[in-house]
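Protein chains in written order, with the numbering used here: chain A, 1 to 159; chain B, 1 to 646.
Quick caveat, the hints were computed from the structure, so don't treat them as lab data. A couple of the hints might just be wrong.
[Claimed, not checked] Calculated cross-link-like contacts (lysine-lysine; reagent style DSBU-like; alpha-carbon spacing at most 30 Å): (1) B:K407 / A:K46; (2) A:K46 / B:K398; (3) A:K131 / A:K46; (4) B:K279 / A:K124; (5) A:K46 / B:K72; (6) A:K131 / B:K622; (7) B:K67 / A:K46; (8) B:K315 / B:K27; (9) B:K96 / B:K279; (10) A:K124 / B:K72; (11) A:K124 / B:K407; (12) B:K576 / B:K437; (13) B:K303 / B:K637.
[Stated by the list, open to error] Residues of chain B placed beyond 10 Å of chain A at every Cβ, according to the derived structure: (14) E7; (15) K194; (16) E250; (17) S340; (18) P369; (19) G487.
Here the structure is a predicted model, which is why all the values come from computation and not from measurement. Beta carbons are placed, not taken as given, at the ideal position from N, Cα and C, and that holds for glycine.
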Amino acid sequence: MTLTFGQIIALMGAALAVALPGIGSARGVGLVGESASGLITEDPSKFGQSLILQAIPGTQGIYGFLAGFLTIQKIGLLSGNLVDITPLQGWLIFASCMPIALVGFLSAIYQGRVSAAAIGIISKRPEEVAKGITFAAMVETYAVLSLLATILMLFGISI
Amino acid sequence: MAIVKMEKMHLLALKSEQSKLMQTLQKTGIVEVIDITGDKKEEEKQGHKEDRIRDEIAKELAELETKLNNLKLGIDFLKPYSKSPNPLIYGKPDVKKDELSKILSNETKIAESLQRVFDLDKKIAQLKSEESKILNQIDFLIPWQGLDIPLEQLGNTDRTAFVAVVIPRKSKDKLEEKAKESQLPLDIKVIGEKRDDLYALIVYHRGCNEDVQSLFKEFSVTIQDFMGLKGTPNDIIEQSKRRLNDIQKEREDIKTQAQGMNQDLFNFEVLYDYYMVEKDRKTNTLKLFDTDKSFYLQAWLPKERKSYITDTISKITDMVYVEFTEPEENDDIPVLLSNSKLVEPFEVITELYSLPDPRGIDPNPYMAPFYWLFFGMMLSDAGYGIILSLFTAVALLKFKLEGSGRKFVSMFFLCGISTIIWGAIFGGWFGDLIKIKPLWINPLDNPMSVLILSFILGIIQIFTGIILNGYKNIRAGNTADAIMDQGLWLVLLTGLLMFAIQPLAGIAKYVALFGAIGLILTQGRAQKNPIMKLASGVMSLYSVTGYLSDLLSYSRLLALGLTTGVIATVINTMAKTVGGSAIGFVVMILILLGGHVFNILINILGAYVHSSRLQYIEFFSKFYDSGGRAFDPLRIKTTYVKLEDL
Numbered sequence: 001m002t003l004t005f006g007q008i009i010a011l012m013g014a015a016l017a018v019a020l021p022g023i024g025s026a027r028g029v030g031l032v033g034e035s036a037s038g039l040i041t042e043d044p045s046k047f048g049q050s051l052i053l054q055a056i057p058g059t060q061g062i063y064g065f066l067a068g069f070l071t072i073q074k075i076g077l078l079s080g081n082l083v084d085i086t087p088l089q090g091w092l093i094f095a096s097c098m099p100i101a102l103v104g105f106l107s108a109i110y111q112g113r114v115s116a117a118a119i120g121i122i123s124k125r126p127e128e129v130a131k132g133i134t135f136a137a138m139v140e141t142y143a144v145l146s147l148l149a150t151i152l153m154l155f156g157i158s159i
Numbered sequence: 001m002a003i004v005k006m007e008k009m010h011l012l013a014l015k016s017e018q019s020k021l022m023q024t025l026q027k028t029g030i031v032e033v034i035d036i037t038g039d040k041k042e043e044e045k046q047g048h049k050e051d052r053i054r055d056e057i058a059k060e061l062a063e064l065e066t067k068l069n070n071l072k073l074g075i076d077f078l079k080p081y082s083k084s085p086n087p088l089i090y091g092k093p094d095v096k097k098d099e100l101s102k103i104l105s106n107e108t109k110i111a112e113s114l115q116r117v118f119d120l121d122k123k124i125a126q127l128k129s130e131e132s133k134i135l136n137q138i139d140f141l142i143p144w145q146g147l148d149i150p151l152e153q154l155g156n157t158d159r160t161a162f163v164a165v166v167i168p169r170k171s172k173d174k175l176e177e178k179a180k181e182s183q184l185p186l187d188i189k190v191i192g193e194k195r196d197d198l199y200a201l202i203v204y205h206r207g208c209n210e211d212v213q214s215l216f217k218e219f220s221v222t223i224q225d226f227m228g229l230k231g232t233p234n235d236i237i238e239q240s241k242r243r244l245n246d247i248q249k250e251r252e253d254i255k256t257q258a259q260g261m262n263q264d265l266f267n268f269e270v271l272y273d274y275y276m277v278e279k280d281r282k283t284n285t286l287k288l289f290d291t292d293k294s295f296y297l298q299a300w301l302p303k304e305r306k307s308y309i310t311d312t313i314s315k316i317t318d319m320v321y322v323e324f325t326e327p328e329e330n331d332d333i334p335v336l337l338s339n340s341k342l343v344e345p346f347e348v349i350t351e352l353y354s355l356p357d358p359r360g361i362d363p364n365p366y367m368a369p370f371y372w373l374f375f376g377m378m379l380s381d382a383g384y385g386i387i388l389s390l391f392t393a394v395a396l397l398k399f400k401l402e403g404s405g406r407k408f409v410s411m412f413f414l415c416g417i418s419t420i421i422w423g424a425i426f427g428g429w430f431g432d433l434i435k436i437k438p439l440w441i442n443p444l445d446n447p448m449s450v451l452i453l454s455f456i457l458g459i460i461q462i463f464t465g466i467i468l469n470g471y472k473n474i475r476a477g478n479t480a481d482a483i484m485d486q487g488l489w490l491v492l493l494t495g496l497l498m499f500a501i502q503p504l505a506g507i508a509k510y511v512a513l514f515g516a517i518g519l520i521l522t523q524g525r526a527q528k529n530p531i532m533k534l535a536s537g538v539m540s541l542y543s544v545t546g547y548l549s550d551l552l553s554y555s556r557l558l559a560l561g562l563t564t565g566v567i568a569t570v571i572n573t574m575a576k577t578v579g580g581s582a583i584g585f586v587v588m589i590l591i592l593l594g595g596h597v598f599n600i601l602i603n604i605l606g607a608y609v610h611s612s613r614l615q616y617i618e619f620f621s622k623f624y625d626s627g628g629r630a631f632d633p634l635r636i637k638t639t640y641v642k643l644e645d646l
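Next comes chain A alone, as it looks inside the complex (with noise of 0.2 Å):
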């Protein structure tokens, strides 16, 4: 199998979509149970509530993946058949693939500060948890505004 230099660059897009935001909410789920562990040595109840706000900052990664896993499928890549890739077109799908590669990256190591910081409310105020949550909902905004943004420049570019 012979690769043109746009199949190359359209998979260089993909991977970094599925790789940095990967990164980020690896290191933002893992700020947020760091700060729960602490909470659960001393309150082992509350379990459930850390382990939601845990989550929140893992949804880049699978918005990521999601871009990733769009970008290669549309490539042809999935099916086997790679399509034929200009240079320009390449570089498109390359561009389309960083919104959620770079926003997806910064803004779950930020959201997982905000989760990290909630972690503090579950421990001294359960009941305002929802609060917490939704600080950290505001951050994700962004990471749903560019996976949009994503999925929208790749549907438009044609192939």
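With chain A held as given, fit chain B onto it using these hints.
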């Protein structure tokens, strides 16, 4: 529907009937006693008699508190051993009146079994400390196991001394050399070793005691003291192990005893709840204002229950005066919500944010339909919806859920139905596992249409919010404000929206312009200076960006819907690639099961979080006054059992 109207009850009655009346009020469970002692403090201080009565109640309360604490300790001790059904799932057991009075008459006996529980608890603590002591001893003796002399025989004989010592491993050879050089009559027998130390028996002639001691000092040899232990180390370890076995047996024994105390546990629980109810009542009695022979009580109650309360009270006594008044300007009115069966489950979303201001409006009837629609659209898979509704329906039918737990589960049940509908519309049945043609379109084929639908839903919700704000203004008598603020904004936004619809684009300009000019002219009306009036009018138009970002936020309806669908498809694709052989088939089923369970959970979380967010940030910000305090009436509030006919 909406926020229940509250009225203030004023009740004057005789002191002699106080406890009877309080009991009756507690049984109705619909009045919240107001603490009025705070503003009557000065007067109260003048009458010593009330102080005495108050002190008495306070003393009774302290006694109750001790009893409750003890019972709680007993319950907490026995609970892990009992196999009583989970009350969260099976509901609290019902305790009838005769059963309760039987338990109450047996109180001394129950106190005895409580004492027995404390003894067991103490015994467990003792066993635990003994166990750790023995374990330490075994640990300490293990390196000495090779020593076959009973420990008490170590020490001096006529001429020689036997000592057990610990020698640093690296200095042993040097020590021996030095002893040889100076011809000391000394023999070292290594018995055991542990890390950097050697454990040894040293025999030497007592005549050269001093030389040996200085030699020990030089090579940091420490003489082991066995603290009066008797027998060879091996024997002691054997004994200790036997004792450990016994301890284990004693533990088992305590465990069976505790397990056999199921009935006692139940008695403790009933008593605990009974005293808790009494404590509630007494605490509330402290909120009253009383004189020598009479007392005065203020309480909130729902307006529509007025006649019920007067009826109930008149059945008890006629020596009572009751009056109802409307809340005053500064009163801290508690909030009780009352909504239809379909809206009620969604109250939990508002409660998690904050209860409405008692003088504001209840957002739930307006919020619920949007929440329901948005949740379904974000989860958007009919298969997942069926699973969600099925599980929650089983939970609702089988388990006796109460309070906000029940609301939550019912809410997910309703949202599951919404998910089924949206899934059918978008053609998602476990992703593409079951291929059914979508009723409308597949969002993957035509994301733009679904995006536009998301925005339309967003526009409807934002407009609803603005209209509700206008309604609030009109209700408060500020019709002019409603027209100038909310009315003009609606005109401007409608005008802007009309630009997007081709045939209307012509007149859109004029509508938008009318709204904009109206806003410029009216929004500065609070300012005095005419230039400032105009400036703040123009500045107010900047809020358009706020509305725009609110609207764009609704694009998450599409984005989260796509996420569910695509990940489900990925799971199906992965599963299909391994199928074929028998093992492949099993792996395929595992991937499908695990994958879809994961996808359901993560997307339910997403749908819940994001549809809540759309309500909190985009919808509530338009009109909602939060900050209410929940109505917390004096009632029979129990933890473990139901004491209905008290």
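Structure-based check of each hint:
{"no.": "1", "hint": "B:K407 / A:K46", "in the structure": "holds (21 Å)"}
{"no.": "2", "hint": "A:K46 / B:K398", "in the structure": "holds (26 Å)"}
{"no.": "3", "hint": "A:K131 / A:K46", "in the structure": "holds (16 Å)"}
{"no.": "4", "hint": "B:K279 / A:K124", "in the structure": "holds (26 Å)"}
{"no.": "5", "hint": "A:K46 / B:K72", "in the structure": "holds (21 Å)"}
{"no.": "6", "hint": "A:K131 / B:K622", "in the structure": "holds (18 Å)"}
{"no.": "7", "hint": "B:K67 / A:K46", "in the structure": "holds (29 Å)"}
{"no.": "8", "hint": "B:K315 / B:K27", "in the structure": "holds (14 Å)"}
{"no.": "9", "hint": "B:K96 / B:K279", "in the structure": "holds (20 Å)"}
{"no.": "10", "hint": "A:K124 / B:K72", "in the structure": "holds (23 Å)"}
{"no.": "11", "hint": "A:K124 / B:K407", "in the structure": "holds (24 Å)"}
{"no.": "12", "hint": "B:K576 / B:K437", "in the structure": "holds (21 Å)"}
{"no.": "13", "hint": "B:K303 / B:K637", "in the structure": "holds (22 Å)"}
{"no.": "14", "hint": "E7", "in the structure": "holds (28 Å)"}
{"no.": "15", "hint": "K194", "in the structure": "holds (32 Å)"}
{"no.": "16", "hint": "E250", "in the structure": "holds (28 Å)"}
{"no.": "17", "hint": "S340", "in the structure": "holds (23 Å)"}
{"no.": "18", "hint": "P369", "in the structure": "holds (20 Å)"}
{"no.": "19", "hint": "G487", "in the structure": "holds (30 Å)"}
Of the numbered hints stated above, none is contradicted by the structure.
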